[in-house]
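S.K.: The lines below spell out each chain.
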Amino acid sequence: MLAQLRMMLKIRLAERCLADGRRERLIGGPVHLGVGQEAVAVGVAAELRKTDRVFGAHRSHSHVLSMGSSLHGLFAEVLGKDTGLSRGMGGSMHLWDQPNGFYGSVPIVSGTVPLAVGAALAAKMQGGGDVGVSYMGDGAVEEGVVHESLNLARMLQAPAIFVVENNLFASHMHISLRQPKQATARFAAANDIPYEIVDGNDVVQVRAAAGRLIGRARAGEGPGFIEAVTYRWYGHVDWREDIDVGVNRSAEHVDAWRRRDPIARLVAGLKAAGLMDEAWLNSLEADIGVEVAEAWQQALADPYPPLSAITSRVFADAGVAA
Amino acid sequence: MTGVRYNYGTAMLAAFEYLLEKYPEVFVIGQGLWSPWYVGNSMTDLDKKFGAHRIIDTPVSESACTGAAVGAALAGMKPIVVHPRMDFMLYAMDAVVNQAAKWSLMVGGQAGPGLTIRSIINRGGEQGAQHSQALHAWFAHVPGLRVVMPATVADARDLLIASVLCPDPVMFIDDRWLYDLEADLPPVVEYPLALEGPRRLREGHDITLVASSYSTRLSLEAAEQLAQQGISAEVIDLRVINPLNLDLIVASVEKTGRLLAVDGSWSPCGLAGEILAGVAERVAPAALKKSPARITLPFAPAPTASVLEKAYYPTAAMVVSQATKLMDKAC
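Line by line, the protein sequences give chains A and B.
Each residue of the first sequence is one higher than the one before, starting from 1 at the first, in our numbering.
Each residue of the second sequence is one higher than the one before, starting from 1001 at the first, in our numbering.
Fair warning: there could be bad hints in the mix.
Quick look at which bits of chain A chain B covers, simulated, 3 or more residues with Cβ under 8 angstroms [said to hold, decoys possible]:
#1 40–46
#2 146–156
#3 259–269
#4 292–300
#5 307–316
Calculated from the structure, these hints are not laboratory results.
Note that CB positions come from ideal geometry on N, CA and C, so glycine has one too.
Bound-form chain B, shown alone (with noise of 0.2 angstroms):
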């Protein structure tokens, strides 16, 4: 592909850089968003480029923030608010899950807030349990919120501006272990966010992988290394796990007949679960030559020295293993 070469951080900048000139009513709020440190190298300069009144730098109070962003919307602007962890986002619970998500519909449809709540996957390096959590699920539980994971640097730019353009609530995360995918981007194009949905990254016809975000990295890193043993992996990059649509999943899985969900999160009532449930409902018994697993984090709040973050966190190789097994006929 030619087009100019961009990093995930910093396809998220031009996503930034492209909003923010092109759309007055774009404005950014958050905590970190004058300092080089809290968002990577997705904001540099913004405050100086566009004015610290339209990249606001705020109190710590993710709560008020946020519920000033649904409110901000709700008059007419585009804001996107950023949570520089998703951790801390918690404190603003009631603005996301009570406010900004069932607004539309307490209203009758005729008004909703569309904003951009940008919340960042930011974890390993021994900083714990507070400052690790992947708490995607809990917002695909949630009708009225979109949700968006991008995995390559094409989504990290482009999603985010489909996501900030949608009139709905959308909650976008991204992955500080993505930030270094490097590709050639072409012009942006814009397009509706509504139409967009699970891609497949890979084609493959001996075992469906079902991922999103980081998880889709290591199974393209996984993919190619079961290419090696002679096994021929499909991955499909989920982008929207809220509105989620299967069907892309399900003709995969029809195909393939063996599916493996990989997801970095908690397995109970997970997204990983979400894929198999919504596979064991639609894709034939008969079709399946395997029973459908996954792969989660273990059930535990994130650990901090690094060789248990070593052993905590999903690898390719932990795919690869999963993946052969699903393959083996003994089994």
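Okay, chain A solo, but in the shape it has when bound (with noise of 0.2 angstroms):
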């Protein structure tokens, strides 16, 4: 559990250095904060391995963080550096990471769904017990391919796992304007596929329920649907809290969210249980905060991709003769 204390807090960290780099625009495009919801990706990814498939979508620093990236790959990522995560060409909406397990995120709301469930049916056919895994948000399950993968997924019986953050809002829409119910696991009831519905700042529950799917899909069970209720701190995109920007969205509502900070709830039960002390947070808070500073100063540091990369990595065969 401190592991996932530490992971928590890097991806703080390194989410409100972002903010920061992005308000002072040192960061030219645009970044998808998903601070307050860090105990999503820790508590599943706590239930991972490096040959797993996880595959993100717009609002994924901590998805990649938590397989084990660099602080300066994603960094140098979002500056588009040559060194980043994408060699510079992704930027914040795409990152990967597949040595370590992060296939890819991108920024077409679901369009990664069926690519995960795809990786997942490979994992099937190859007979190692890896799964695929597929974040989304709330907004995801309003496209038409969810539901398809949702079907395909349990009529092949690939062990996909799917993981709606829930965070109530599609940038400024919030979910009871979109959906007739709140809970996207109606999705995963009506396609026949176990889901469990979790408090997404509870990193223990996300990290249980993970542990039992994943668990069944590696045994070859087939697919399973996490839904994790979670809010997000900051507004829709880069570093304003959109107070009133967002359509119910209130400071009322943002503070009540805020005192369920699973950072704070975690240190909270680790301090009950005489697991650690205030001392022993703060000197973990200040050494990653030299981590994050440190990996920053020298992203900063990097060179761009050369101007070649615009039509270089465009096929992986490069024998192209037009």
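Hints in hand, dock the two standalone chains.
M.R.: See the structure below:
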């Protein structure tokens, strides 16, 4: 659990750093921050291994870092540097770290959901007991391909784990304005896929649910679905809070959810159990702070991709005669 | 040529069998694969020979199935997605255009989905506007996708094999109006798709006919008829339309001075227009004896009644007529 606390803090401080970098215009493109949602990725990733196949979406910093990616690789990517996770060709919205099990994230809502099913199907064919993981938001379930993917995964008994981070908002729109019911797990039920609805701000609960569903999938028993209810503290994109910009989003709501901070809750639990104290926490935060600052400075100093990258990375097979 | 007798459909069947036998990472997914009437004679009994776990007939879900093939390819498999009619594949445009085609670039060239999307042009027979389209030009517009259109029996087999073995996403488009073509084929030789491109199927010196897929068949028939009128037509079969290599076409037009592009789809922003534009950019005006011309479909969705269908689709006679006009000194 201390490892998960450390990882959540790392993600939190990394995203604070990215928020600052965006505000200071050091980052040229949009960053979708998931501060407040750290427990979801950290809880799921605690049950994953490097040979699993994880796919994300537009808000995926936590997904990639929780698989063990380097802060420097993430920062360099967000800054568009050649040393980034995607060699500077993707930015915040197109992250890649396949050696660590992170197959990729893209910003087309629900775009990677069927890809995760296919990677899971491949895992079933390859026979190693690996799983595919598809992170998506509550908005994604409004896309038709998600329903096709759930049905297909169930019919092929692919070891696919669908993780809906239900943070109640798609961009500015509250879920009550988009769906007649707020539990997205109803779509898992409709497709005969086992599901669990968990408090997404409780890393212990998330991990326990992930462990049960991933265990089934590894054993050849088919897909699973986790709905983790959570909340993002920042607005849809960049560092602003979007108070009263989003429909049904107010300072009171944000404050209420801040009081359910997944990190503070885990800290309180660990302290109550006598597993850590304030001095240890301060020292941990200071260490991670240094790690983040060093990675950021290195990424800022790194080179951009060469101009030849515009065309040289389009095809894997460069024998193009055009 | 000596070898085994195939038609265009059984040549593809032979390619599937070759790939499935030799490469355990190859699997096929799509609708109609366990049915004898969706894909002609091109996949007969593959499910019985290789098992339903490798020949996967699917729910009615073009989008998820294509996306799943992209994901499986990223995970080391060599999937072939089959769309028995290209029209239905439009549900899968995100997986094709946003995901498969862009993946390599988006991740800095560190990974790419080596999948093959087999889509079939299946028209005529009063099937109407949604069972008829040839949308290859759309896909030729997209960087990161290779688009292959076999016109011959040999290419139906060997380009399919090359497509599946290629590490890039490939759109392989075959045409049901070619399935009866016959030829003797030698044993399979694997070759890299990236080095394949247009090929001259008939040598000539008066006019260059450029075509792909079924239009190549029309052009070859037209060239035969033109020869009887004393007109020597050179026929170039495009084969790979993305990325498009114009070198052979440019050299041919520099020799003949006349260009007629034949394409079985619409004219605006289309493949025939791309050929004409490429020639206009690269062939000196003085080398052109006539303004280049093109034959395409009327700019309307396909009609249903057979009397209208007959007038709608290009024929070899239309190619002969247009080529003859280009030869006419008074014109």
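S.K.: Go through the numbered hints given earlier and state which of them the structure violates, listing their numbers in rising order.
M.R.: 1, 3 and 4
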